[in-house]
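A.B. asks: Chain by chain, the residues:
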Amino acid sequence: MKADPKGVLTGAHFIDGDHACAEGAIAAGCRFVAGYPITPSTEVVERIADRFPLINGMFIQMEDEIASSIAIQGAVWAGKKAMTVTSGPGFSLMMEHIGLAAMTETPCVFVDVQRAGPSTGLPTQPAQGDMMQARWGSHGDYGIIALCPNSPQECFNLTIKAFNLSEQYRVPVLVMMDECVGHMTERVIIPKAEDIEIYPRRYYEGTREDFLLFKPENDLVPAIVKAGDGYNVHVTGLTHDERGYPVMTAAAQEKLVHRLVDKIRVNADKIVEYKLDQVEGADIVVISYGITSRTAIPAIEQARKDGLKVGHMRLIVAWPFPEKYICALASQVKAFVVPEINYGQMVLEVERCVGGKARVDLVPHGGGSVHNPKDIHNVIINSVKGKN
Amino acid sequence: MSSELINIDESMPVNTVEEYLRMDRMPHIWCPSCGIGTTVNCFAHALEQSGLDLQKVAIVSGIGCTGRVAGYLKLDSFHTTHGRPIPFATGLKLANPELKVVVYSGDGDLTAIGGNHFIHAARRNVDMTVILINNFIYGMTGGQVAPTTPIGATATTTPHGNFEESFNLPYLAESCGAVYVARWTAYHVRHVQKAIKEALLKKGFSFVEILAPCPTLFSRRNKLGDGLDQMIYFKENSEIKNDADTKSVGLTFQGKITVGKFVDKERTTYLDAMNEFYSKKFGDKYTPYKG
Ligand SMILES: Cc1ncc(C[n+]2csc(CCOP(=O)(O)OP(=O)(O)O)c2C)c(N)n1
Ligand code: SF4
Ligand SMILES: [Mg+2]
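So the protein lines, in turn, are chains A and B. Heads up, the first sequence is in my numbering, so the first residue is 1 and it goes up one at a time. Heads up, the second sequence is in my numbering, so the first residue is 1 and it goes up one at a time.
Isolated chain A (complex conformation) (with noise of 0.2 angstroms):
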C-alpha cells in the first residue's frame, strides 16, 4: 500500500530529527498521537498538534505519560495509527504499557528521544542509556523492535518503519532517537506518497464462525479487527487464549508467550537491518548506533590512515539485535569496539554474540555530550594492541 498523499510533505526541507519524525509519522498514516511534553523531544508533538488540525488528526496532550501511552492503545483498537513520544522519566512511566501493547499485540509506535539519565539527569543534552530498558523494560517476557535513526533524514524515515514493522508483527516499536539526532538540523527530503510503502494494518477476513482474536497466523501474528465491527472482541492484559479470555494456567502462559517472544525472535532475519562499511576483511570493527556512529566516522577514518584495517557496523534496527551476523563475524574478526553514550548496555549484546572469539571494548560515555572521537580512536588503536 502507499501512503494517503494527504499529509505528506513531498519536497526538500531543512528540519530536525525531532520534526522530521512527526512528519515521518504523518507520512506513515498516523492519525492518533497522545504525549505529555518532555524535553528534548516536546517538538516532535509540537509539530503534530500544529499539524494534525488539517489532516483530519487527533492530538490530545494527555495528564502524564502513563495516560499518553495507554490513550493510543485505545485509539489502536479504534482503528488508528497511534503513537506517544517521550524522553527519560517519561519512559519510565510508559513502562507498564509497553507490556500491554506487547501481551494485547496491540501495534503502536513509542519515540524515546534519549537524554542524559538516571532521573531527571541532564534534560537537554543526549545520552543513549535507555537502550536496555527498551527491550526489558515492562515486567516479564515478550519482543519488541526498536530503531536507532543517526540523522533527521532518518529520523523520517525510521519512524515510517516503525508503524510498518508494528503493523506488520502486532508489536509495540521503539524509535529511540538521542537528543543529539532530535535536535540536529539537516536536509529531509519527503518523497512523493506513491513512494512511500505502507504496511496496512492486518484486518481479519475470514468468516464470522472461524474468528478467534488472537489465533496466529502462519509468521505468528494474529490479524485484528476494530471495537465496533461487531466481534465482540475482549482484549484483556491477563494471559489469555485464542479467543482472548483469561486462562490462569501455566500452560496457556507457555503457549502465549512463547508466541510473543517467538513472533519477533522467529522473523528476526526479516527485522534486522544494519550497515556495513569496509567489514570484509577488517581486523577490528567498530558497532555503533545513533549519532555515535556519527562521531565513530572521524576515529574509524583516522585508524585507517593510521594503517589498520578498521570496519563499521551500524545497528539501524537495534532490537532484534542482529546476532547470527555479529555470531560469524566474530571468527572472522581479531576486535570488536563499541562506542556509546552510557556505561556498557549494547555491548553486553556484542559479547553475548562473539561469546570470546575476539576481543570486545567499550568506548563508555556517560552523556551529556557525545564521544571525542579522540577517545573511540583510542580504543581502536589499543584494541589491536590488545591493550585496552
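Some hints here could point you the wrong way.
Here are the simulated SDA-like cross-link-like pairs (lysine to any residue), alpha carbons at most 20 angstroms apart as the crow flies [said to hold, decoys possible]:
1) A:K226 with A:E209
2) B:K290 with A:Q61
3) A:K374 with A:G386
4) A:K334 with A:L348
5) B:K290 with A:A49
6) A:K226 with B:R22
7) B:K280 with A:D4
8) B:K290 with A:D4
9) B:K280 with A:R265
10) B:K56 with A:I224
11) A:K226 with B:K290
For the record, the hints were derived by calculation from the structure and aren't laboratory data.
Fit chain B with the ligands to the given chain A structure using the hints.
C.D. replies: For chain B with the ligands alone, kept in the frame of chain A given last:
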C-alpha cells in the same frame, strides 16, 4: 442430573440479561453475595432499555474485582491496567466518536492510582460513562485501605483502623466538571438501572457511583455480617435526595448515606469544543473531526 429430578420448568423464561453476557465465561469469579454482580445485572438491563446499538458500545475496565466486569460483557470489552481504563477509554472514544464508551471499575482503580485520569477526563468532558463500584476497599488484593475507606473502618493495611479522610466522590466528580453525577447502592437496583441508562444517554462525562457490599473482605473484617447485612444497612440508612449539594454527601463509617441524582447539566464535550474552536479558527479549511 435430568431436569425431571430437579423439577426445572423448561418453559421458564431465561434471564434476559444473558444475551448481554459472555455465558461461555461463567461461572464468574465474584464471591457469593458480592455486590458487583448485582450492578452488572442492572447495567445489562440499562443497556437493554437504552436502545443503544450494542455493536457500538465498548466497555473498559481497569484491574480489580470490579475490573473483571468488562470481561463478562458481550460487548467490545477491554481489561486494561490498574488505574488506567479512563485514558484507554479516552483514546477509544476520541479515535472513533461513534462508539459509546463505558468505563466500569473499582474505587481504588479509578480514584487512587487512576485519580489523576478521573479528574482530567471530567475536566475535559470527554464523552464517556464512568461506573464506579465503591466497596470501600481494595477487593482483589485482599482488603487493603482505599481512598474511599471511611475513618474508623479497618483494612489489612490499616489494621488498627483508618484515620485518613476519604473521598466524597460525587463532590469530586462535580468539581471536576462531570455533567451527570449520581450515587446509589446495590440495594437500589431500579434506581441503579435508571441512573446507568440516563448516564449512557447523556452526552459528556457521566458518573455513577454505586456502593456495593464486599462481604469477603470489608464486611467480615469490620464485623458487619455478610452481604445481606450490608444490603440491609444500605436500605435502612440511605436517604434519597436528588439535587443534593454534593458537598454534603460525604460518607462515614456505617453512617447515613445520601443517594440520588445530584448533577444533570449540559457542557460542551471535548470533541465538540475542539471542532467548534477549530472551525472558527480555520474556517472552511477545517473539516470537523469525526474520527
Ligand atoms: C500497577 C499496579 N499496582 C497494583 C496492582 C495490584 N492491584 C490489583 S487490583 C488492586 C486494587 C483493586 O481495588 P479496587 O479498584 O477498589 O477494585 P475492587 O477489587 O475492590 O473491585 C490493586 C492494588 C496492580 N494490578 N497494578
Ligand atoms: S473480594 Fe469482595 S469485591 Fe471481590 S469478589 Fe469477593 S466480595 Fe466481591
Ligand atoms: Mg474496591
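A.B. asks: Hint by hint, say whether it matches the structure.
C.D. replies: To see whether the hints hold, each was checked on the structure:
1. Between the alpha carbons of A:K226 and A:E209 the distance comes to roughly 17 angstroms, so the proposed pair stays at or under 20 angstroms and holds.
2. For a cut-off of 20 angstroms, the pair hint linking B:K290 to A:Q61 stands: about 19 angstroms separates their Cα positions.
3. Taking the CA atoms of A:K374 and A:G386, the gap is about 18 angstroms. The hint holds against a cut of 20 angstroms.
4. For the proposed pair A:K334 and A:L348, the alpha carbon gap of about 17 angstroms is at most 20 angstroms, so the pair holds.
5. Using a Cα cut-off of 20 angstroms, the hinted pair B:K290 and A:A49 holds, with the two alpha carbons roughly 17 angstroms apart.
6. Taken as a hint, the A:K226 and B:R22 pair is honoured in the structure, with Cα atoms around 19 angstroms apart against an allowance of 20 angstroms.
7. Between B:K280 and A:D4 the alpha-carbon distance is near 27 angstroms, which puts this suggested pair outside the 20 angstroms criterion.
8. In summary, the hint linking B:K290 to A:D4 is supported, as the alpha carbons are separated by about 18 angstroms, within the 20 angstroms threshold.
9. The straight-line distance between the Cα atoms of B:K280 and A:R265 is roughly 51 angstroms, outside the 20 angstroms bound, and the hint therefore fails.
10. Simply put, B:K56 and A:I224 have alpha-carbon atoms about 17 angstroms apart, close enough for the 20 angstroms limit, and the pair holds.
11. Between A:K226 and B:K290 the CA atoms are separated by roughly 16 angstroms; this keeps the pair inside 20 angstroms, and the hint holds.
Of the hints listed earlier, those the structure fails to meet are numbers 7 and 9, in rising order.
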